[in-house]
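Take each chain as given, in its own frame, and dock them per the hints.
So the protein lines, in turn, are chains A and B.
Under the working numbering, the first residue of the first sequence carries the number 1, and numbering increases by one thereafter.
Under the working numbering, the first residue of the second sequence carries the number 1001, and numbering increases by one thereafter.
Honestly, the hints are just simulated from the structure, not real lab data.
Note that the Cβ used here is the ideal one computed from N, Cα and C, for glycine as well.
Check the hints yourself; a few may be wrong.
Here are some, though not all, of the chain A residues that point toward chain B, as calculated from beta-carbon distances under 10 Å [unchecked claim]:
{"no.": "1", "residue": "Ser27"}
{"no.": "2", "residue": "Asp31"}
{"no.": "3", "residue": "Ser100"}
{"no.": "4", "residue": "Ala190"}
{"no.": "5", "residue": "Lys367"}
{"no.": "6", "residue": "Phe376"}
Chain A stretches covered by chain B per the calculated footprint, using a threshold of three residues with CB under 8 Å from any CB of chain B [claimed, not checked]:
{"no.": "7", "segment": "17-26"}
{"no.": "8", "segment": "125-136"}
{"no.": "9", "segment": "278-289"}
These are the residues of each chain, in order.
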Amino acid sequence: MNKLLKTLFIIILIIVFLSAFSSSYTSLSIDHIASVVAMGIDVSDSNNLRVSFQFTNASSVSESGTTEQSPSSIYTIDASSISSAINLMNSYIGKELNLSHCKLISLSEELASKGISEVIYTLINESQVRPTTNIVITRCSAKFYLEKSKPLFENLLTKYYEVFANSSHYTGYTSNATLGDFFNSLVCNACEPYAILGGINSEKKESPTSINPEKDSSSMSSESSLSGQMGTENIGLAVFKDDYLVGELNSIETLSFLATRNDVNGFLVSIPDPQNQDSYIDIYLTPYRSTSTNVKIVNGSPYISLKYYFSGRIQSMKEDSNYLSSETLTTISNYCNSYLESIFNSYLYKTSKELNSDINGFGKIAKSNFITTKDFEDYNWLEKYKDSFFDVKVETSVKSGFLLSDT
Amino acid sequence: MSNSKISTKEAISIILSIIVAHTLVCLPRNIVTSTKSATLINLIYVGIIAILIVFLIIKLLKRFPSNDIIDISDYLGGPVFKKIIGVLFIGYFIFSSSILLRNFCECLKIVYYPMTSLVFIILTFIIAILITLNFSFKTSAKVNLLILPVVIFSVLFIFIANFRHFSIGNIFPILGDGIFNTFVTGIGNLSAFSGIVFIYFLPPYLEEPQKLKKISVTAIGIAIIYLILCVSIILLLFSSLLKADEILPLYSAAQYIEFGVFFQRLESIFLLIWMIQMACYFAITLHFTLHIFKKIANLSDSKPLIFPLGLLMFAVSFLPKNYAVSKFLEVEIYPYLVFGIGFFISISILILANMKKRKKKVEVQNNE
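Next up, chain B with everything else stripped away, as it sits in the complex (with noise of 0.2 Å):
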């Protein structure tokens, strides 16, 4: 492990992965279909949640140094506990990443790979990751770290350069689908989050474990401020996305990108980027599936599974029949999962375990 230690930046740089990868298929347009107009003023409530409950996991990680969550279970339920909750991770992972991997290179294949076969897209992949698997952790972080900026970048670009097609009066009205919807239901936007699930996993990786707080809130800090430019470049530049459905909403949006005759078609270079962007968070994911399974399997080396979970990512990916199927578990129960297994369980088990800190602390000190 202690090659694998990362810094705080990279740490940042893995969190807010998981959240761009998403954005760069269709996460800003399932925010803008939720809440509408009232999306931009929803994205600033559930941040303000979401850095809530980033406080309360760092308060209830404190008592468990260099601990993640499936140590954590190990010390609440005992092994069998923690295999179920591993298990729970691995699926979760999975599964997530899977369905992104499918649902991206479905859009690939009707953009740029007409006449390729889906199987050799999502292989394409596959390779890739599994490379990237035989280096350690830190060499997937470092690449990550590396190419996230520039993707940011590309946003903001795309941001800037669309700026004279902004419709500002898009944001009315201002409660959209009114406040019950806004400020209620438009807590489902909070799954936009989901890299919060990172934090679970970060304490034994860290060069700096103490600094788990400060890399925690500035990586949401960043990814509020990146979700809201991500959401206002399709807010306010499509009036369409309501009622028209575009596969890959801010590929579409670099298209209306133009400088003069001579800079036309930007939208190829960021894909191109975005494309390793996506196998860098892969790639991230499937390293802590690895390691989820070399502590509930008790395993001295994890590279034999390295090919074995490549495959499993590459059936998975194939399971959904059709790019309707994926695109709802991607937009309908992928939400439920962040809120079910990244939420709720894992601060529950995190609750429960500082309860039986407490308690036994308690209970050596009633000895003493």
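The shape of chain A in the complex, shown without the other chains (with noise of 0.2 Å):
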């Protein structure tokens, strides 16, 4: 008797504890909930915000493995807030909105240069959104770029959107700016955020003028000279002061920012050829060592040395070209180095006097100057890093072309 009370109870046990359980598992469950794969919030004219929210439907997807790409959809909706929009959204699409598969966020620069503290607070604070989302400051619309975002050699969406940034491995002209990233730097007393700049893709007719490769590396998007069946662009960074958008970086300024925090693995310079100065030589330049910085506080002031360290090949290549010269090599090194002293310096002071948003991080460095917290915190680092002055060294050994060395 006793023992059959006792199974008795166990059983009961079971049922409750399966039937408490089972309504979060209930919620969670593919049928009732709808993942967003992107959220685009946006300035609204009728509400606080206009909150986008792109859906895919994963299960159209073909297992058989069919290109056929996944269709998206993108519901938007004015509210007073980001919880409010999402708590809206839930009651007209009839399921629950899941964010935890949500791989991009991006906002429009009009509501980043009202200050996005409040946005970004909220997102940090949701359980469901990861960290390392990828944050996107759109220079048009946030829906607009959603709308325009079409992956080219992905089917899936989301895959599209985790792996758009790792270009900035190999070409430095944009970054992996994520949400966590994105938070620290708003909350620290040493450094500033900034977040990918987005924009859409749209063929600019210039009238025909001479070579100039500064215009490949001064570009950024919506205003690049790119072309095709993508719809958007990511190329420059979005950089802000607290929590407002105060500037913008091109494609070679993000370059310097990247080398700069020791995030590149390579990228392409252009440099006038020492052998005919009206042509230009693409060089190929790997990090061999990672950036040193030195910060000193001189007369009140930030004083910032780096110096950085690079080996180069040379990758473009024509008739009659003599890179076996160890002297020639020597010239290019020293052009190289020149030429990166000039874009680094100019980066570097259009952080500090122009936009005065430490998003490299040098406060950190610097705190190894204080002995105590509040001497850092009454030195005020993040006003006083207008008054930076640099020290900018480059090193660069060019060491010959690719599988060609002399013509």
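Structure (structure tokens):
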């Protein structure tokens, strides 16, 4: 009898617990949720925010491996807050929005220039949103950016959103900027946040001019000469001061940013050919040592010295090129040094004097000059950054060409 | 008791279990908040103090081999004093484990079980603990020894996998809020070594009581390294923790781990392992509580107490009105209990008992 009662008690207990926990599992069941793959946030005319949710129907992707892309749909709603927008959208679509698979959050420039701390704090507070989600500041409306985002080589939109920023490692023209990093920088007293700069790809017609490689490296999203089936461009960076968008970096400035932070594996630069001043040569540079950064406080102002180390190989080749000569390679290396010193200096002074935003996180290195946190807080690094002076040195060693070294 | 004797490794894992359990909730964040960028220096400093305290405790326990703090209290002040100290330790164990259980379950609810009542989440742990308590202490110790290395490995993995996100500059300014804060008020971080409390109860359980010194020093040594590892993850990864409080800092750190597009969301596995570790810790704590109860009530069998004790733990975990109160109890009140009961009262009892023993010895020598 005792054993029977015990068994009955255990069975009842199991049933009670199953029903108690089933509600949590049911709410996460694929039939009850709508997975958001990207979110776009704009300023609304009628309410505080215009939030767009992009969904993809993953089940429509054929398991047999066809190359047909999964269709995506975008729903937009005006609401006073993100949470309110999610709530309204839940009601509209009859499913619960799930942000666990949200890979990208795009915010319009207009919203970013008004301050986005509330948006960022809300997103970080949301347990479903992952800190590795990319943040894009769009030069058009965030909704339009999502509409135009069409992967060219991936079937799944989510996969495209995951990998699109990877080109930063070998081009240096964009950066992997995540929500977690943005939040950390936002609350940090020694650095400022940044985000990927996104825009719409539209064909531009320009009058023909002479060859100018500077145009290649000064492009940014929505302003590049790119044309193709991809609707969006992600070139450059959006720079913030606190939670306000204060400026943008073009491709070469983004490259400088990544080189300073040791976040680039290799990149291409075009410098005048020492053998023929009218033409340019392309050199692929790879860092062979981490950039050494030293920050000192001199007469109350930050004095930041940086030394970059690159080794390079000549990528462009033409007839009668002689890249086996030691003198030629030394000359090219010196040209590279001067060129890079010039662009790095220009970038650093832009962040300091023009934008007053320490996106490089020099403040974290500067902290070693202070004994206590109070000393550092009293110094007010984020405001003093505009008084910074930079000493940039570049050590480039151009080795040879790739398969051809002499023609 | 003979079938409950535990090996040296099991004893080490028991001391570590209490420290590890607290790091899984909010201990690393509390340590970093109190000493800021000087946390690593402070941890080495309090680690040395913790080892000195352990040496002192071992020296004081040397005259009472195979006796725990309850037996020593009996020797020092008689049965009434023994009961007072026993009740004090029962209160300490029930309070600390119940509050930790509440906080951990609150976090679990937010992260994984948003639609499930907190009652059921806590009850799941209580049932697991009640089942475990029906087995011998040796069983709990063995399971703990099995799970603990996995937990430590998971934290090591988080450290290595997040290494590229670390910002070494976060350890500066080197003295944080100053010398006084780092080395004087920073002693408060000694409460992180609350595992020392278990040393008072281990001697009767040990297969080799003469190895208590080795067990304690090894456990605290591992604890120092482990705490440095945990705190380094939090300190070097998050600039934000000083301004924003994340509920499970190590879980948040695990969310950053991604290996390409294939290996993501490893934090789910970690949380599962951590839940088992939590259950092990609660079971061990309640084993000690039962042991104390049995001693102060002179009971031959403590099994009938298992269910009421589980109910008590369940009830205490619901005493805080909300998460804010339970977190306040863990962050603000619990360290005082560790200092008061774990260090001050216990060491005082040991010192006085030693003095009494020496006095008696002198009296015997004089009489001879």
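- Message: Is the interface hint satisfied for A:Lys367? The criterion is a beta-carbon contact with chain B at less than 10 Å.
- Response: With Cβ-Cβ at 4 Å, under 10 Å, it holds.
- Task: Would you check chain B against the segment 278-289 of chain A, counting CB to CB pairs closer than 8 Å, and say if three or more residues qualify?
- Result: violated (count 0)
- Query: For the hint on A:Phe376, does the least C-beta distance to chain B fall short of 10 Å?
  - Reply: This interface hint holds because 5 Å falls under the 10 Å limit.
- Query: Is the interface hint for A:Ser27 satisfied, with its Cβ closer than 10 Å to some Cβ of chain B?
  - Reply: With a closest approach of 5 Å, the A:Ser27 hint holds.
- Item | Three-residue Cβ test at 8 Å for the coverage of the segment 125-136 of chain A by chain B | holds (count 4)
- Message: Next item in the hint list is A:Ser100. Is there a CB on chain B closer than 10 Å to its CB?
- Response: Constraint on A:Ser100 satisfied, holds at 8 Å.
- Query: Can the hint on A:Asp31 be confirmed by a CB-to-CB distance to chain B that is less than 10 Å?
  - Reply: With a closest approach of 15 Å, the A:Asp31 hint is violated.
- chain B covers the segment 17-26 of chain A, three or more CB atoms within 8 Å, holds or violated: holds (count 6)
- Item | Per-residue hint verdict: A:Ala190, partner chain B, C-beta under 10 Å | 7 Å, holds
Violated hints, listed in ascending order, are 2 and 9; each of the other numbered hints is respected by the structure.
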